[in-house]
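Student: Those protein sequences? They're chains A, B and C, same order as listed. The opening position of the first sequence corresponds to residue 1 in our numbering, with each subsequent residue numbered one higher. The opening position of the second sequence corresponds to residue 1001 in our numbering, with each subsequent residue numbered one higher. The opening position of the third sequence corresponds to residue 2001 in our numbering, with each subsequent residue numbered one higher.
Please note that the accuracy of each hint is not assured.
[Said to hold, decoys possible] Calculated pairs, SDA-like style, for lysine to any residue (alpha carbon to alpha carbon, straight line, at most 25 Å): (1) B/Lys-1278 x C/Glu-2057; (2) B/Lys-1863 x C/Ile-2053; (3) A/Lys-266 x B/Phe-1132; (4) A/Lys-266 x B/Gly-1071; (5) A/Lys-17 x B/Pro-1100; (6) B/Lys-1674 x B/Leu-1760; (7) A/Lys-350 x B/Phe-1132; (8) A/Lys-17 x B/Tyr-1122; (9) C/Lys-2055 x A/Asn-415; (10) B/Lys-1278 x C/Asp-2008; (11) B/Lys-1916 x A/Gly-87; (12) A/Lys-266 x B/Lys-1869; (13) A/Lys-266 x B/Gly-1248; (14) B/Lys-1278 x C/His-2034; (15) B/Lys-1864 x C/Lys-2055; (16) B/Lys-1465 x C/Ile-2053; (17) A/Lys-266 x B/Val-1092; (18) A/Lys-266 x B/Val-1104; (19) B/Lys-1278 x C/Val-2027; (20) B/Lys-1130 x A/His-94; (21) B/Lys-1509 x A/Gly-87; (22) A/Lys-17 x B/Gly-1496; (23) B/Lys-1470 x B/Gly-1248; (24) B/Lys-1869 x C/Glu-2057; (25) B/Lys-1512 x A/Pro-21; (26) B/Lys-1869 x C/Val-2027; (27) B/Lys-1864 x C/Ile-2053; (28) A/Lys-17 x B/Asp-1767; (29) B/Lys-1660 x C/Lys-2055; (30) B/Lys-1869 x A/Gln-413; (31) B/Lys-1869 x C/Lys-2055; (32) B/Lys-1509 x A/Asn-415; (33) A/Lys-97 x B/His-1953; (34) A/Lys-266 x B/Lys-1465; (35) B/Lys-1660 x C/Ile-2053; (36) B/Lys-1143 x B/Asp-1190; (37) C/Lys-2055 x B/His-1728.
Read the hints as simulated data drawn from the structure, not as lab findings.
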Amino acid sequence: MRFSGWRVLREGLTGNKGWAPHWRDPEPKAEYDAVIIGGGGHGLSTAYYLAKNHGMTNIAVLEKGYLGGGNVGRNTTIVRANYGQQGNSEFYSHSLKLWEGLEEDLNYNAMHSARGIINLFHSDGQRDAFARRGNMMINQGDDAELLDREGVRHLLPYLDFDNIRFPVYGGLLHRRGGTARHDAVAWGYARGADQRGVDLIQQCEVTGINIENGVVKGVQTTRGAIRAKKVGIVVAGRSGQVAAMAGMRLPIESHVLQAFVTEGLKPVIDHVVSFGMGHFYISQSDKGGLVFGGDLDFYASYASRGNMPMMEHVMEAGMTLMPMIGKAKVLRSWGGIMDMTPDGSPIIDKTDTEGLFIDCGWCYGGFKAVPGSGFSFAHLMATGNHHAPAAKFRLDRFRTGAGLMDEEATGAQHNLH
Amino acid sequence: MRVASKGLIDRSKPVHFSFDGRTYRGFAGDTVASALLANGVTLMGRSFKYHRPRGVMTAGSEEPNALITTGTGARREPNVRATVQEIYDGLVTRSQNAWPSLDVDVMAVNDLAAPFLGAGFYYKTFMWPKRFWEAIYEPVIRKTAGLGALSGESNPDTYERAYAFCDLLVIGAGPTGLMAALTAARAGADVILVDEDSVMGGRLNAESEAVGHQSGALWAAGIVAELAAMDNVRLMPRTTVTGAYDGGMFGALERVNQHTSKRGGGAPLEAFWRISAKHSILAAGALERPVAFQNNDRPGIMTAGAVRAYLNRWGVAPGRRVAVFGNNDDAHRTARDLMAAGVHVVALIDSRAEAEIEGFDGQVITGAVVCNTGGRKALESITVRSEAGEEALQVDCLAVSGGWNPTVHLTCYMNGRPTWREDIQSFVPPPGAIPNMTVAGACNGVFSTHGCLSDGVDAGTAALKALGKKAVAVEVPVAEDADYALVPLWAVAGKGRAWLDFQNDVSVKDIKQAAVENFRSVEHMKRYTTQGMATDQGKNSNVAALAILADATGRGMPETGTTTFRPPYSPVAIAAMGAGAQGHGFAPERHTTSHKRTVERGAPMIEAGLWYRPSYFPKAGETTWRQSCDREVGYVRKAVGVCDVSTLGKIDIQGPDAGKLLDFVYTNMFSTLKVGRVRYGLMLREDGMVMDDGTTARLGEHHFVMTTTTAAAGNVMRHLEFVTQCLHPEWAVSFTSVTEQWAQFAVAGPKARELLNGLLDKEIDNDNWPFMACGDVSIGGVAGRLFRISFSGEHAYEVAVPSRFGAALFDELVKRAEALGGGPYGMEALNVLRIEKGFITHAEIEGRATASDVGMGRMISVKKDCIGKAMAARPGLVDAERPQLIGLKPVSAEGEMTAGAHLFEREAEAVRVNAKGHVSSVGYSPELGRMIGLGFFAAGPTRMGEVVRLVDHLRGVETEVEICHPVFVDPEGERARG
Amino acid sequence: MLARPGPDAGEVAWDNYLHLRDNPAGVTEELWQHDGGCGSWLVVTRDTVSHVISKVEMAADVKRAMQAAS
């Protein structure tokens, strides 16, 4: 069934009885050509592109909970292509292009909005570092502008220009960056995959990976054994546990990242704004809540919840940067499990087991990568070759030191990225 | 209307406030909601999506409808609950989300379009034409979304953060909490008793029943008085515990002055608390839930408990013709209380066919339900459906009770999921969900007053046991102990929309629709319909919505599950949790000893981490910073310049194994450094990248002083602590930061020695103080240190004195420098000087550069291990094609260079795949008469003399530049050694 | 985590030490530092699911015990 304004109108006039399930709830088959472990944003988009780009429809997504119940359902919804390191630059550029055609492609309103992202800087040195990044963005073919203080004031008059502890020197503006409605993206990919014949199996936890003589044979699940020639692991913060089923140890540490949303307010912030002297970023959702977050809590966690010190630090950053949000009330706080890597950049690679692939290490930046990651991972799984925009996301780059993509430049300490 | 002789308000203190421009009178103790109801105002808000007229539904913080904006101008505060906001003289309030007025709201037209605006409709449309989404649809949606509006101005109010510690934190001061606190306090425990409300007592203040032969409210006041008199008790009314966190920590928001007009100065509006409790008791009570039926959202329809609260606590009858509708015995109390107060009760409607009603002789209709209501902006009638058929009754206030939901939220904040109890048809906390927390009373499913009182004592006793204290006997007063007799009724069958989430306009139909579209898990249903995502976070609708979903998907309640709850319990202002951080409060300021004098000289100060350092020292007549900078560079190159370098990290390292430590953290050898000498050192991270560089001086056999860069001081200190504790605790070495203990100044230029010899008690010359020498000196009798090192490449020193002499020394140095034709210099000049000499800073060693990248590969000694040595040898890090440090100068003298520009081969297109390097630092060199810079280029050292292209798209700069040796001035380094 | 490989231990040993992690959803041993306090490094035994800390030792003590044992 196609979604459209006409459809909404017609259904509304006839008692809304014609709406159908957005996806089926099939029983898992005994065998598939490929199985994707993980029904989050990346797992669902991988399945979609396997079906759409590579004609692989005899595949299944196995999700231990409900679709989109992990990080894709609890992030701060930022979409951007403003990375400075080779490897990341081309990947996010490709992903952003996919975003820009997403609603049409999926026939689902993901509410993608290029409202513009401004990364503020607070010293000459920081400005130059952002300039280096902005030039990389333009080299890549994406957009970037370097704003001075007055340029920032013109866009964001509500920042505290007079009293802030770390004065605003300017900002790097990325107009094509913005936000999207996170649930809708997951559901759109789910529906798209399902419509193409992909089986989405929920409440199905993978408990083991069957490998014989270095070749993957299938998986064990709480809903039975499933044979498959190709298996893709796309489970974000749970990567360590699932990879262990294949005897692998990963360069991943799982950490908690908190995020917050306020009560709904009339529009007051039109862009995505990030602070340069404290990890803090904020935007306003279409429902009116201010959505914001900051740093990791810095300790490994699977609890999906954080503690007061970091929460208060995030609020402090908000108050020093834009005191006008002071009377906005935080409605809800939550956390997710971030799969942190030693250089803060992701992994899309084969493994030593033939037919077993892994897509992980997105740290806290996975949402914007949902289209690109699925596209590239599908390419890798289907063809056995790396997709050019994701070619540098190698698992072995830490061991060899070749192709590290350390955006934060903090080095091999997972919680520093 | 007011009911005489009822209510805990103070009728001797009238209060005037305004709502939507009209002034109303209330009394001290009234909330905006109670005062408006007393004045006959029932329309207080509009719903989010359909802008349906809404009145107040509850009497507490869970209120979903009556959200107002208080205050004016920059003090404007949106989304305040009228049920929580106490009135004070001069309080200005306005309704929200209606235009042009609450009474006539244009957006109510949405209600007519309801069939098209059901759950999830926006996912199915707004996609075409593509550009319309951002140009039209989204802006319109954003404008109509949101409830209240921020003022947009900087927040002028003050907030505070505070900390408290206790043995026992009791959350909720109703009958359960009061008894628990009393039990623990009498036994000597340190108790903090917290309650959201302004008056402690919980439901007792809203009921007419007696406790221990007194009115419940009076009894509660007596207990509060006893607790207030105890030294080991802290009472915190108007305080909401917002979250439970690890280690017995709780967050709490205290509304310090929200009920007064006091603002500013020492009157914080709110305080956010961190409370550390060894043990806690959750006595948070229960919240009443309504029943869903067609048009159950009209102004005048409230929960039965709220009607009692308005009557008994605030002396207000919310209507003149009241009906009561419920599925349990508790609802009967409303009918009894109203009748006893002389308010006309039109009918008591009980859905249970076998209901027994006591103490009420008005009209009773059992086995019946309310299936519809009438009246657009205020309730006018209700339709009652019974076996006999349907009957319309004229009613202006309907009290509804679908039962009670224990307030379990806090117990779910640490991954707990509540458990379904079939007997009370609600969820209760899972045992042990929060470490060291006991749950008691109504929030644990105990619904009778006697049960709560007794449960409170038990909980207090259990807490005392856990704390290792002996309990003192506490008598449980007499109170009602009725059974909670309830038959579930979630929704009344009918055609029209029956509301569940009142604020977000989610109806029973929407839930069923979600299930049809396969959003069958409770999380999916919630996200798809937005039920439970309004400001009440589902307090009024979660359980009912779950029941509807369970029914629609053919599952039981436990099987359907529940969404989890997350902090905060009630919304908390960002300003409260971030109190103190506005403006300069966000981070400390670190000032050098020369700060005052520097500022007096008009030097613009820039932030270097937390420090402030001068950018340049303007002189009269100079109009651009470049003029000042060029002049200051000239001071150093031609006369003598003075610069405060105190901000660089200084670490005093002592012990027989100090040399071992330095050899291990630096790439080069330090144990062989002679006493009285300084050496430049490079420090790597374990992954092989450069962490920091600096100089370390050997002042004695077992005594070194290490310097770090300003930015990396903390990191290096942490690193040394890691190395000596985690890797080599066997080394006999101690160290401490002395950055703030020593004020240190660079004295640089051909006349540096001349200047110093005028100050030092003992003169120095090139023999007794050669390049890279160091040692103790005396300056006017003050014991100081002198290091002959140079960041400028000139003949230079750094002189250090204990900080308390810093300001005086700076004055003295500057005076003498000026007498010699020089003067102070700032960061801009410092930067030019060091670039001229090819000295790197963190602009070059930005965390991705190895030693060989910056041309210092040979500084990694082959004779010893050091941090980072092994990983630095990884194939990817020794690749010759890596970008490596080079000097850059424009081919033409006027050529512009910018830091952050990328470098390409001359003929290559400026796109990513052709990027070969970047520019890290630039400055104008007065000596060379052109810009110079440092940067990185693939295999840079092999490209000396070649011309490449610098492209800065952002700043519109494109320049041909020559790759050259990074040392531009005095490449032999003779000046420093003279 | 306190067993730093020797300079010639090889690529795999160093990769293991610096990058790879067991990353359990459960009890783990990790390093904390009392930053802004005494600067002590601590070996903390903590559950990454419940956040409950079951043991804290001074890292120097743990390392010394390791050195004595080897």
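Student: Confirm or reject each hint.
Tutor: Consistency of the hints with the structure:
1. B/Lys-1278 x C/Glu-2057: 22 Å, holds
2. B/Lys-1863 x C/Ile-2053: 42 Å, violated
3. A/Lys-266 x B/Phe-1132: Satisfied, since the Cα-Cα distance of roughly 21 Å is no more than 25 Å.
4. A/Lys-266 x B/Gly-1071: With Cα atoms ~17 Å apart, A/Lys-266 and B/Gly-1071 stay inside 25 Å; holds.
5. A/Lys-17 x B/Pro-1100: 36 Å, violated
6. B/Lys-1674 x B/Leu-1760: Within the cut-off at roughly 23 Å; holds.
7. A/Lys-350 x B/Phe-1132: 41 Å, violated
8. A/Lys-17 x B/Tyr-1122: 17 Å, holds
9. C/Lys-2055 x A/Asn-415: Holds: C/Lys-2055 and A/Asn-415 sit about 22 Å apart, inside 25 Å.
10. B/Lys-1278 x C/Asp-2008: 50 Å, violated
11. B/Lys-1916 x A/Gly-87: 14 Å, holds
12. A/Lys-266 x B/Lys-1869: 56 Å, violated
13. A/Lys-266 x B/Gly-1248: 37 Å, violated
14. B/Lys-1278 x C/His-2034: Judged against 25 Å, a Cα distance of about 22 Å means the pair holds.
15. B/Lys-1864 x C/Lys-2055: 36 Å, violated
16. B/Lys-1465 x C/Ile-2053: OK: B/Lys-1465 and C/Ile-2053 at ~23 Å, within 25 Å.
17. A/Lys-266 x B/Val-1092: 20 Å, holds
18. A/Lys-266 x B/Val-1104: Holds. A/Lys-266 to B/Val-1104 sits at ~19 Å (cutoff 25 Å).
19. B/Lys-1278 x C/Val-2027: Roughly 23 Å between the alpha carbons, so the hint for B/Lys-1278 and C/Val-2027 holds.
20. B/Lys-1130 x A/His-94: 20 Å, holds
21. B/Lys-1509 x A/Gly-87: 49 Å, violated
22. A/Lys-17 x B/Gly-1496: 15 Å, holds
23. B/Lys-1470 x B/Gly-1248: 22 Å, holds
24. B/Lys-1869 x C/Glu-2057: 29 Å, violated
25. B/Lys-1512 x A/Pro-21: Given pair B/Lys-1512, A/Pro-21 holds - Cα atoms ~12 Å apart, limit 25 Å.
26. B/Lys-1869 x C/Val-2027: 32 Å, violated
27. B/Lys-1864 x C/Ile-2053: Distance of about 39 Å is beyond 25 Å: violated.
28. A/Lys-17 x B/Asp-1767: Between A/Lys-17 and B/Asp-1767 the Cα gap is close to 98 Å, so the pair fails against 25 Å, i.e. violated.
29. B/Lys-1660 x C/Lys-2055: 32 Å, violated
30. B/Lys-1869 x A/Gln-413: Measuring from Cα to Cα gives roughly 17 Å; hence the hint holds.
31. B/Lys-1869 x C/Lys-2055: Outside the cut-off at roughly 33 Å; violated.
32. B/Lys-1509 x A/Asn-415: The given pair, whose Cα atoms are some 46 Å apart, is violated under the 25 Å limit.
33. A/Lys-97 x B/His-1953: Since the Cα atoms of A/Lys-97 and B/His-1953 sit roughly 21 Å apart, the hinted pair holds (cutoff 25 Å).
34. A/Lys-266 x B/Lys-1465: 51 Å, violated
35. B/Lys-1660 x C/Ile-2053: Violated. B/Lys-1660 to C/Ile-2053 sits at ~35 Å, over the 25 Å cutoff.
36. B/Lys-1143 x B/Asp-1190: Measuring from Cα to Cα gives roughly 50 Å; hence the hint is violated.
37. C/Lys-2055 x B/His-1728: 22 Å, holds
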